[in-house]
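Chains A and B, in that order, are what the protein sequence lines are. With our numbering applied, the first sequence corresponds to residues 1 to 114, in that order. With our numbering applied, the second sequence corresponds to residues 115 to 228, in that order.
Read the hints as simulated data drawn from the structure, not as lab findings. Hints should not be assumed to be uniformly reliable.
[What the hints assert, rightly or not] Simulated pairs of lysine-lysine, DSS-like, Cα-Cα distance not exceeding 30 Å:
id, chain 1, residue 1, chain 2, residue 2
1, B, K179, A, K38
2, B, K185, A, K101
3, A, K36, B, K171
4, A, K101, B, K171
[Stated by the list, open to error] Derived list of chain B stretches under chain A, where covered just means 3 residues or more per stretch with a C-beta under 8 Å from a C-beta of chain A:
id, stretch
5, 157-163
6, 184-198
Remember, predicted model here, so these are calculated numbers, not experimental data. Even glycine gets a Cβ: it sits at the ideal position worked out from N, Cα and C.
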Amino acid sequence: SQELEQSPQSLIVQEGKNLTINCTSSKTLYGLYWYKQKYGEGLIFLMMLQKGGEEKSHEKITAKLDEKKQQSSLHITASQPSHAGIYLCGADGYSGGSNYKLTFGKGTLLTVNP
Amino acid sequence: EAQVTQNPRYLITVTGKKLTVTCSQNMNHEYMSWYRQDPGLGLRQIYYSMNVEVTDKGDVPEGYKVSRKEKRNFPLILESPSPNQTSLYFCASKLHGALNTEAFFGQGTRLTVV
Chain A
1 SQELEQSPQS
11 LIVQEGKNLT
21 INCTSSKTLY
31 GLYWYKQKYG
41 EGLIFLMMLQ
51 KGGEEKSHEK
61 ITAKLDEKKQ
71 QSSLHITASQ
81 PSHAGIYLCG
91 ADGYSGGSNY
101 KLTFGKGTLL
111 TVNP
Chain B
115 EAQVTQNPRY
125 LITVTGKKLT
135 VTCSQNMNHE
145 YMSWYRQDPG
155 LGLRQIYYSM
165 NVEVTDKGDV
175 PEGYKVSRKE
185 KRNFPLILES
195 PSPNQTSLYF
205 CASKLHGALN
215 TEAFFGQGTR
225 LTVV
């Protein structure tokens, strides 16, 4: 089954600093999703990447999928306290027959200090 | 408004007392799934359903049951809850189970089994 490894597990930054979170897959990624979660709450969809080399941005968050489609990075520019939370990468994986399964990395806990 | 609705949001119960967590989506999605989220273990899939009357085990199905009698609803049943099922549970839905479709998540159900 597909495994997603996220790094770092946790990150503390000062407001205004840039940061990067990585997500590495054991298999080729056919679709890679980034979600954000506030503690104890539901997941909010950020972006989906499909093609090797693809890059998407939303406000100050940029996500990239590498050419080999086995690694994705999430970059936040000029971080703000509102960026704090848990960031999760997820990917569709084939699970047999015509079934696909959406699996997730363990998440990266981001703290932004004012 | 497009949404996935879980109920209840919080539940404290005793060991062995059967309970059901409901999940409903209003987007006519084919694919629905249940996850549990535990510290250090991330989001783990319990069961998923590709469509009505089609369900399959995820990574941690022991102690859980599901049913998919109609498209919009996907209840999670704990026949005899045990303390190790204390967790934060999420329901999710996607347009279909194939690749590259965004998953929408409910707000979560925090279950405590004493």
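Verify this for me: three or more residues of the stretch 157-163 of chain B with a beta carbon less than 8 Å from a beta carbon of chain A.
holds (count 3)
Sort out whether K171/B lies within 30 Å of K101/A, counting only the CA atoms.
holds (10 Å)
Would the hint linking K179/B and K38/A be met if the CA-CA limit is 30 Å?
Holds: K179/B and K38/A sit about 28 Å apart, inside 30 Å.
Pair hint K36/A and K171/B, alpha-carbon separation not exceeding 30 Å:
holds (26 Å)
Starting from K185/B, check that the Cα of K101/A is at most 30 Å away, please.
Given that 30 Å is the threshold and the Cα spacing comes to 18 Å, the pair holds.
Tell me if chain A covers the stretch 184-198 of chain B under the three-residue, 8 Å CB rule, please?
It is violated: at least three residues are needed, and the stretch 184-198 of chain B offers just 0 whose Cβ sits closer than 8 Å to chain A.
Comparing the model with each numbered hint stated earlier shows that hint 6 is the single one that does not hold.
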